[in-house]
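Asker: Got chain A sorted already, so can you dock chain B onto it with the hints?
Number of protein chains: 2
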Amino acid sequence: MSKSEIASGGIGNEPRLSRASVARFSLYLRHLERFERERVRNVSSSMLGEALGITDAQVRKDLAYLGNLGQPGIGYPTQDLIAALRNRLGVDRQWACVVVGAGNLARALLRYKGFEKHGFRFVALFDSDADKIGKMVEGLQVLPIQNLKETVGATGATLAVLAVPAEAAQPVADAVVEAGIKGILNFAPIMPRLPAGVSLIGVDLAIQLEQLAFLVHLSQTESKLDPR
Amino acid sequence: MSKSEIASGGIGNEPRLSRASVARFSLYLRHLERFERERVRNVSSSMLGEALGITDAQVRKDLAYLGNLGQPGIGYPTQDLIAALRNRLGVDRQWACVVVGAGNLARALLRYKGFEKHGFRFVALFDSDADKIGKMVEGLQVLPIQNLKETVGATGATLAVLAVPAEAAQPVADAVVEAGIKGILNFAPIMPRLPAGVSLIGVDLAIQLEQLAFLVHLSQTESKLDPR
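Quick mapping for you: the protein sequence lines, in order, are chains A and B. Mind the numbering: the first sequence is residues 2 to 229 in my numbering, read in order. Mind the numbering: the second sequence is residues 2 to 229 in my numbering, read in order.
This is chain A alone, in the form it adopts within the complex (with noise of 0.2 Å):
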């Protein structure tokens, strides 16, 4: 992913916003949200350096994709980085999700309280299991898989959580596309194809143990591990 870049809104020359920055301002965000809390009014990029574990000039230079809030001297004010950066991001809506999928995982997600707090609200839950539909979890009634398209119409959901095992997902990934969703987050170890239009963000539970296990081993052979 180290390649890929995100145009930044303008055409030619504008610079451009590379997928590491986009992730960053999700962390730029919660640490944001942290020095609201404790009544910050201003920050600064070594604060924010410090709290990611980067460099302040990475810091300057991702947040000057957001305008010229900083000052020298003074910061950023913590309330319009915040502002600006729920912009950004598309967070300064409310999203609707539908779950699909009605075991463990959903219920940790339904449950999760992390989700509301940032715009996101699971609006309904799905299940092609006979004995779930009808039963009632964390608050929402499952859903049989037949009703997505009536219900995404209905609730104007735009983004789906695939929380199915492997063999489900593509059958899953093509319903909730033909339903109308726009975004997948997809927890099934097989990555869906998709039609152009429709993006997809996939968290492998297994890869990222096995990414974990890769850098304690490359620790423990070599030792020469950039931590970041």
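Keep in mind that the hints were calculated from the coordinates and are not lab data. There could be a bad hint or two in this list.
Just so you know, same-sequence chains aren't split out, so a pair can sit in one copy or run between any two.
To be verified - The calculated lysine-lysine pairs, modelled on BS3-like cross-linking and capped at a C-alpha distance of 27 Å, are:
#1 133 <-> 62
#2 150 <-> 133
#3 136 <-> 62
#4 62 <-> 150
#5 183 <-> 118
#6 183 <-> 62
#7 114 <-> 62
#8 150 <-> 136
#9 136 <-> 114
Just so we're clear, the structure is a prediction, and the values are computed from it rather than from any experiment.
Answerer: Below, chain B alone, put in the same frame as chain A:
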């Protein structure tokens, strides 16, 4: 993360392996395991490139770090490439893992069959909640967190999965490091600070959803998205 590189082994002028290549190693491995199940004896860089949605040249560059396994016109022997990738990733051995936090996420992780297949074995589950201690969860008895050091010593566990709330992340991370754990997969929405020599991979699910929302937002507002 776009600039981080990991030393690939030797000293001096050896090529350096990027974090992005390492992330792809896991993806190559997944597809190769599928090809092996389908009894495909040799795979070409274009087969792997197509599977991952990247160029053949990038595949050849990544796989060159594993040695000279490919042959022009024939490709890579599937089994040899799998063995080389497993060796490079450090997953040609068993990794014993402990899980801290006996909630729904832990249940989902313990139930997921994909880990064992890739060499990860969950050997113990801990919680600080007196109501949970002693109960059986997916075949593991919930142990008090005070038993961490003893259990890590007895099982030889190297990795820990933190499935705890934000406020518990730092004290639990301190406790697992004190117990001898060398790598942490963190699901808490706060990144704990760790001493040098301990590796950390964070899976912040709200951030994953936020990044997905950003991709959808970008494609809705600008339609200028690099899908990778």
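Asker: A separate judgement is required for each hint: does it hold in the structure or not?
Answerer: Hints and how they fare:
no. : hint        : in the structure
1   : 133 <-> 62  : neither (49 Å within a copy, 47 Å between copies)
2   : 150 <-> 133 : within (19 Å within a copy, 40 Å between copies)
3   : 136 <-> 62  : neither (50 Å within a copy, 51 Å between copies)
4   : 62 <-> 150  : neither (42 Å within a copy, 43 Å between copies)
5   : 183 <-> 118 : within (21 Å within a copy, 32 Å between copies)
6   : 183 <-> 62  : neither (30 Å within a copy, 33 Å between copies)
7   : 114 <-> 62  : neither (32 Å within a copy, 43 Å between copies)
8   : 150 <-> 136 : within (20 Å within a copy, 41 Å between copies)
9   : 136 <-> 114 : both (21 Å within a copy, 25 Å between copies)
The structure fails hints 1, 3, 4, 6 and 7 (numbered hints given earlier, in ascending order).
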